[in-house]
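Participant: One-letter residues, chain by chain:
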Amino acid sequence: MASLPALMLVLCLLVSCSSKAGVENPKASCTEDLAGHRVGCLAGSLSDLQFDEYASNAEKMIFNTEPDLLAALDSRKVDFIVFDSIAVVGIDKSIHNIEISFSVPGIGGDIGTAFRKDDVALCRQYNDFLAQIKADGTYSAMLDRWFSDAVHTSEMPDIEQYTDGEVLKVGELLCLPFCFIKNGDWVGMEVEMMKRFAAYLHRPIEIKAFEFSSLMAALKTGVVDVWCSFITINEERSKEVLFSDPYFYCPVAVFRRGEDLQKESVPFFEKISDSFHNNLIVESRWKMLVDGIWETLVIALFSLLLGTVLGGCICALRRSKAKFLSGFAQVYVEILRGIPMLVFLMVMFYVVLAPTGMSGRWVAIISFAINFSAYTCEIFRTGIDAVDKGQKEAGLAMGFTPSKTFLFFIMPQAVRNILPVFKNEAVSLIKGTSIVGYVAIQDLTKMGDIIRSRTFDAFFPLIVISIIYFIIAWLFGKALDLLSKKLA
Amino acid sequence: MITVKHLSKTYDNLGAPVTVLRDVNCEINKGEVISIIGPSGTGKSTFLRCLNMLETPTSGEIIIDGVNILDKKADISKVRRKMGMVFQNFNLFNHLSIMDNVTVGPRKLLGMSREEAEEQGMELLKMVGLSSKANSMPSDLSGGQKQRVAIARCLSMKPEIILFDEPTSALDPTMVGEVLSVIRQLAQQGMTMAIVTHEMQFARDVSSRILFMNEGIIYEDDTPDVIFNKPKLPATTAFINKIRGINVTVSGRDCDMFSIEDSIERFCMKYAVGNEVSERTKTVVREMIMNVLPMDGEVEVHVDYSEKKERIYVTFHSHNRTEPMLGDTVVSEKFEKYVKDYCDTVHDDSDGENRYLRLKLKREM
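Read top to bottom, the protein sequences are chains A and B.
Going by my numbering, the first sequence opens with residue 1, and the numbers climb by one from there.
Going by my numbering, the second sequence opens with residue 1, and the numbers climb by one from there.
Some hints here could point you the wrong way.
To be verified - Here are the simulated lysine-lysine pairs, DSSO-like style, with alpha carbons at most 27 Å apart:
1) A/Lys392 x B/Lys78
2) A/Lys392 x B/Lys133
3) B/Lys282 x B/Lys337
4) A/Lys389 x B/Lys282
5) B/Lys78 x B/Lys158
6) B/Lys72 x A/Lys392
7) A/Lys404 x B/Lys158
As the list claims (entries may be wrong) - Over 12 Å on every C-beta distance to chain B, these chain A residues come out as not near it, computed from the model:
8) His152
9) Ala217
10) Glu378
11) Gln413
The hints are simulated quantities; they were obtained by calculation from the structure and are not laboratory data.
Quick reminder that beta carbons are idealized off the backbone N, C-alpha and C, glycines included.
Build out the structure end to end from the sequences listed, making use of the hints.
Facilitator: Below, the structure is given as structure tokens:
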């Protein structure tokens with residue numbers, strides 16, 4: 001346990017270093033001024049797609065989420081960020097001191113909602129819906145509600161909800177002010193629009209949050225029916241999906257770090273307690289972390305159990321005398337060890353298991369179990385091979401059948417060889433589940449991201465979840481140690 | 001009890017078939033103690049391991065109590081319960097205590113209760129002198145102790161025959177005795193046993209019959225007296241002569257003296273020849289090779305021990321030589337100076353083509 005304070009110390013140092021000041025911030029007033037600077041943009045956004053048109057001489061850096069982009073600007077990894085001008089609504093200037101440099105002339109785009117190519121009927125219904133809310137003033141009320149600095153205090157209006165009928169599955173990107181979580185509920189401009197659309201259709205709604213880069217796949221494979229994440233309509237995307245009528249035009253702007261404010265220096269612990277309050281206490285955000293821990297534990301433990309059992313079976317095949325079976329097991333292990341876990345998870349979610357309509361949680365459990373089984377198979381095999389051949393002969397010679405010999409004499413000794421390595425792999429598995437956010441599961445890491453996307457505090461949530469992961473892994477390691485002591 | 005007919009075993013070594021056993025025939029009757037001896041790599045262990053099917057024979061028949069165990073339908077696990085096996089490397093179950101090692105079989109296979117099995121286990125451990133180690137783990141025991149537990153473990157299954165696969169080969173010389181005396185005790189109690197061993201003295205004392213195996217067949221099958229004293233076949237004679245002494249061929253002074261001295265030392269230890277004589281034998285051989293003999297051709301060195309006369313003999317055998325080995329005056333002088341004091345008698349003989357120089361070493365002072 002002595003390592004815990006040490007970890008805290010390192011993390012605290014990281015935090016205090018990250019807010020160093022005193023270096024002149026570069027300025028720019030037109031696109032030419034960007035030349036030679038590092039410019040950050042959001043993956044898949046207009047600023048990314050049309051980068052060469054306005055900043056061909058700048059060094060491009062692409063980030064996946066808005067908090068990452070802001071954190072990069074704060075920590076001086078980039079000099080400028082280019083961003084949909086509307087997306088900075090609601091950013092707390094005391095956390096991220098950014099200011100607009102200039103709007104990029106001629107860069108901007110129509111924003112639309114995407115449907116599957118063959119889902120013309122739904123798209124037509126959406127267009128009718130859009131025309132209706134624009135006509136009756138609902139739409140402009142939505143703009144007033146969400147696209148202003150009062151976004152944090154805005155409340156979702158009451159929208160009729162339906163429980164019967166086919167669920168309208170909506171894929172969103174967590175990003176202020178379009179889609180975020182407040183008091184545990186989905187809120188924001190696009191959330192309201194989609195809820196209104198579902199009400200218009202008299203259908204229940206289910207909202208899932210994805211990375212921008214996986215939304216296209218989620219739509220095309222039917223994981224969601226509607227992709228609504230402030231998407232710019234362009235030619236390339238129109239080939240893949242069906243866009244609705246545009247509902248907004250968004251210009252793009254370049255932002256820079258603001259001059260360092262003469263902040264009164266806040267004592268370190270007060271700063272920590274402020275962060276603690278903002279990130280965990282306000283809106284009971286700690287409850288999200290608890291949910292995240294639960295999700296992480298469920299996925300980790302189930303895939304651990306399932307993967308261990310499956311690994312045992314694969315190991316049995318691998319040791320089989322039938323060439324066909326052992327060959328199959330060998331290929332299975334080789335292939336799975338060669339595929340990165342994230343890629344494998346995405347393939348399972350968007351391709352292999354997509355037609356089954358299985359929930360993300362179960363897809364994750366199955367994928368991790370399959371991946372884990374490839375490693376446990378090899379661990380089991382080496383553990384069993386390490387037991388002296390004489391033990392088997394002694395068992396057989398006494399008159400035990402081969403299976404009983406394995407059960408009574410080989411396995412107990414193999415388990416002792418296996419446990420230390422197994423512990424390593426199991427802890428890796430627990431930590432490895434942090435990628436399930438890519439398939440719209442709200443695990444611990446994803447919950448940290450959600451909190452970050454609300455508070456724009458880049459560090460505190462990350463530090464909190466890393467400590468939580470550490471504690472989970474540590475406790476788990478101890479539990480396995482106890483088990484191995486009991487067996488020894 | 002066990003009848004072996006036309007037993008053969010061939011295995012595939014990287015595409016080349018290697019025959020380990022060829023047409024082995026033999027019979028083992030109740031109450032017999034059979035020792036299987038012979039040079040290394042002639043299939044002794046393989047033959048023994050075929051008897052309980054730890055190795056699968058290629059062809060032939062093994063009939064135990066009227067059942068051919070090579071038959072696919074035979075319940076080999078059931079047959080094995082009546083045949084104990086003691087391994088060279090003991091193979092105690094490392095994760096079980098000594099008591100568990102000697103009770104696991106009766107409890108799981110013979111349906112004995114824990115109390116019964118432990119009572120019997122304690123009896124057996126007492127018999128092999130290790131009742132005080134009942135709660136120890138195998139790793140706490142010496143090699144000799146482990147092997148005695150392994151024997152007790154065999155006996156716990158109340159076998160009708162015990163197969164010993166080189167039971168003392170992995171042991172320190174100091175521990176060989178304790179294991180052999182347990183086996184001797186079993187022989188006296190009338191246990192049927194088949195023993196693969198390199199302990200010739202032991203084989204001679206304890207066996208009712210000796211099988212001499214050579215190149216995958218039972219070459220000679222007779223009583224210990226015949227095999228050790230008047231073997232009928234030439235390969236047996238050569239083997240018996242060999243085990244009684246050391247034969248090395250030396251072609252010059254740059255030979256591996258360390259290895260020769262080491263084998264002399266081990267040879268002397270085996271026959272319990274005193275330390276002084278052992279040192280003297282080494283000196284004689286070393287000085288003869290390094291200083292005395294001219295070493296102008298190959299010389300065979302033979303060291304043997306006569307138990308009756310309690311003497312060590314060292315013979316130097318030079319091929320295609322007519323003149324005496326100590327004929328030269330310089331050589332003769334060197335011999336007087338370095339070696340003569342250690343010897344009682346010196347014979348320099350010839351059979352026409354070869355010369356023999358036979359030295360009879362002095363007894364312990």
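Participant: Each hint should be assessed against the structure and marked as holding or not.
Facilitator: Hints, one by one, checked against the model:
For the hint linking A/Lys392 to B/Lys78, the alpha-carbon distance of about 16 Å falls within 27 Å, and the restraint holds. Distance restraint check for A/Lys392 and B/Lys133: the Cα-Cα separation of roughly 24 Å lies within the 27 Å cut-off, and the hinted pair is therefore satisfied. Between the alpha carbons of B/Lys282 and B/Lys337 the distance comes to roughly 16 Å, so the proposed pair stays at or under 27 Å and holds. Note on A/Lys389 and B/Lys282: the hinted pairing is violated, with a Cα-Cα distance of about 41 Å set against a maximum of 27 Å.
Distance check on the hinted pair: B/Lys78 and B/Lys158 sit about 13 Å apart at the alpha-carbon level, within 27 Å; holds. For the suggested pair B/Lys72 and A/Lys392, the alpha carbons sit about 21 Å apart, so the restraint of at most 27 Å is met. The hinted pair formed by A/Lys404 and B/Lys158 meets the criterion: a straight-line CA distance of about 20 Å does not exceed 27 Å. With a cut of 12 Å on Cβ distances, A/His152 stays outside the contact zone with chain B, its closest approach being about 63 Å.
Against the 12 Å criterion, A/Ala217 stays outside the reach of chain B, whose nearest CB is about 50 Å from its own CB. Every Cβ of chain B is farther than 12 Å from the Cβ of A/Glu378; the closest lies at roughly 23 Å, confirming the non-interface assignment. Interface exclusion of A/Gln413 from chain B breaks down, the closest Cβ pair being 5 Å apart, not more than 12 Å.
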